[in-house]
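Engineer: Sequence:
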Amino acid sequence: MSDFSVTENTLLGGRVRLLQPAQGYRAAIDPILLAAFVAAPKGAKVLDMGCGTGAALFCLAARRPDLRLTGLDANPAALELAARSTALNGMAERVQWQQRAIEDGVPRQGFDAVMTNPPYLEAGRGTVPAEDLRDAHMEGGADLGTWIDEAIKALKPKGRLHLIHRADRLPEILYRIEGRLGAITILPLWPKAGAEAKRVLVAGTMGRNTPASLLPGLVLHQADGAFTAAAQAVLRDGGPLPAQ
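Following our numbering, the numbering of the sequence shown begins with 825 at its first residue and continues without gaps.
Just so you know, these hints were derived from the structure itself, not from any lab.
Just so it is clear, CB atoms sit at the ideal spot from N, CA and C, and this is done for glycine as well.
Take the hints with a grain of salt, since some may be wrong.
Calculated lysine to aspartate or glutamate pairs in the DMTMM-like style (CA-CA distance at most 25 Å, straight line) [stated by the list, open to error]:
| # | residue 1 | residue 2 |
| --- | --- | --- |
| 1 | Lys982 | Glu927 |
| 2 | Lys1022 | Asp1048 |
| 3 | Lys1016 | Asp854 |
| 4 | Lys1022 | Asp854 |
| 5 | Lys980 | Glu946 |
| 6 | Lys1022 | Asp992 |
| 7 | Lys980 | Asp890 |
| 8 | Lys977 | Glu1020 |
| 9 | Lys869 | Glu946 |
| 10 | Lys982 | Asp890 |
| 11 | Lys866 | Asp936 |
| 12 | Lys869 | Asp854 |
| 13 | Lys866 | Glu917 |
| 14 | Lys1016 | Asp1061 |
| 15 | Lys869 | Asp890 |
| 16 | Lys980 | Glu927 |
| 17 | Lys980 | Asp1048 |
| 18 | Lys977 | Asp928 |
| 19 | Lys1022 | Glu1002 |
| 20 | Lys977 | Asp1048 |
| 21 | Lys982 | Glu1002 |
| 22 | Lys869 | Asp936 |
| 23 | Lys869 | Asp1061 |
| 24 | Lys980 | Asp992 |
| 25 | Lys1016 | Glu1002 |
Restraint-style ranges between C-beta atoms, simulated for each label pair [to be verified]:
| # | residue 1 | residue 2 | range |
| --- | --- | --- | --- |
| 26 | Ser829 | Asp992 | 33 to 41 Å |
| 27 | Leu912 | Ala863 | 38 to 46 Å |
| 28 | Gly1003 | Arg918 | 32 to 40 Å |
| 29 | Asp1048 | Gly934 | 44 to 52 Å |
| 30 | Gln1056 | Gln920 | 30 to 38 Å |
| 31 | Asn1033 | Arg839 | 32 to 40 Å |
| 32 | Ala852 | Asp1048 | 13 to 21 Å |
| 33 | Ser829 | Gly1041 | 35 to 43 Å |
| 34 | Gly1031 | Asp928 | 22 to 30 Å |
Please work from the sequences and hints to get the whole structure.
Structural biologist: The structure is reproduced here in structure tokens:
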């Protein structure tokens, strides 16, 4: 990774330091929102599938110092930066990284919670992103169904899956988890008041039959484009989102 230009940025109002490539995929707000959505018991083991440089994992670690976290990704360059950021954040004792492609399988039944931000674009549909963005934005060897299957396999009994994705793919997500997870929670993310949701957060628990719930959701921006106070409470102040 030393051949690439790298920047150091901060998240959660400076509580997290993140190294990431100057060009290509760079963390936006989705991983921060995902981390805020994670509900896990004290001392839980949490897996971040497709962690990239670790934005979601570090945000969760900053919010919950009691958790033990594992980041898994196929990209060795991203993991190298994640490892360096681990040292910057003083989290080496509770954070580890694994290099593995999702389609090659993930550790089985080892985690109390899994969080994941799968690629949003289906392979073969729409405009293909530039090469340095492709892995993060477009499905490769694993489609959305495979991501969900592998995430569920990684859960312990009573473990909880948390994911963020495009709102228009919610039917596919629900189809994939039907009969496998219960206590399903859906939280829409509204770009502005009165606008259609573009993103959705979904969570579900192994071994639960509790009916699904649709939460009021979060409005991200005011009419002038600035973040709402509710969004700032999550993105800057590190507040949680309801996940169950």
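Engineer: Please go over all the hints and tell whether each is borne out by the structure.
Structural biologist: Here's how the hints hold up against the structure:
1. Lys982 - Glu927: holds (24 Å)
2. Lys1022 - Asp1048: Given pair Lys1022, Asp1048 holds - Cα atoms ~18 Å apart, limit 25 Å.
3. Lys1016 - Asp854: Holds, at roughly 16 Å.
4. Lys1022 - Asp854: Within the cut-off at roughly 11 Å; holds.
5. Lys980 - Glu946: violated (29 Å)
6. Lys1022 - Asp992: Roughly 7 Å between the alpha carbons, so the hint for Lys1022 and Asp992 holds.
7. Lys980 - Asp890: holds (18 Å)
8. Lys977 - Glu1020: The hint is violated at about 32 Å.
9. Lys869 - Glu946: violated (30 Å)
10. Lys982 - Asp890: Judged against 25 Å, a Cα distance of about 19 Å means the pair holds.
11. Lys866 - Asp936: holds (10 Å)
12. Lys869 - Asp854: Given that 25 Å is the threshold and the Cα spacing comes to 22 Å, the pair holds.
13. Lys866 - Glu917: Roughly 16 Å separates the two Cα atoms, so the pair holds.
14. Lys1016 - Asp1061: Holds, because 20 Å separates the two Cα atoms, which is no more than 25 Å.
15. Lys869 - Asp890: Answer holds: Lys869 to Asp890 is near 10 Å, not above 25 Å.
16. Lys980 - Glu927: Status holds; Cα separation ~20 Å.
17. Lys980 - Asp1048: violated (44 Å)
18. Lys977 - Asp928: Judged against 25 Å, a Cα distance of about 13 Å means the pair holds.
19. Lys1022 - Glu1002: holds (22 Å)
20. Lys977 - Asp1048: violated (43 Å)
21. Lys982 - Glu1002: holds (16 Å)
22. Lys869 - Asp936: holds (5 Å)
23. Lys869 - Asp1061: holds (24 Å)
24. Lys980 - Asp992: violated (29 Å)
25. Lys1016 - Glu1002: violated (30 Å)
26. Ser829 - Asp992: 33 to 41 Å: holds (35 Å)
27. Leu912 - Ala863: 38 to 46 Å: violated (27 Å)
28. Gly1003 - Arg918: 32 to 40 Å: Since the Cβ atoms of Gly1003 and Arg918 sit about 34 Å apart, the hinted range of 32 to 40 Å holds.
29. Asp1048 - Gly934: 44 to 52 Å: Distance hint for Asp1048, Gly934 holds at roughly 46 Å.
30. Gln1056 - Gln920: 30 to 38 Å: holds (31 Å)
31. Asn1033 - Arg839: 32 to 40 Å: This hint holds: roughly 38 Å between Cβ atoms.
32. Ala852 - Asp1048: 13 to 21 Å: Because 19 Å falls inside the window, the suggested range holds.
33. Ser829 - Gly1041: 35 to 43 Å: holds (37 Å)
34. Gly1031 - Asp928: 22 to 30 Å: Since the Cβ atoms of Gly1031 and Asp928 sit about 26 Å apart, the hinted range of 22 to 30 Å holds.
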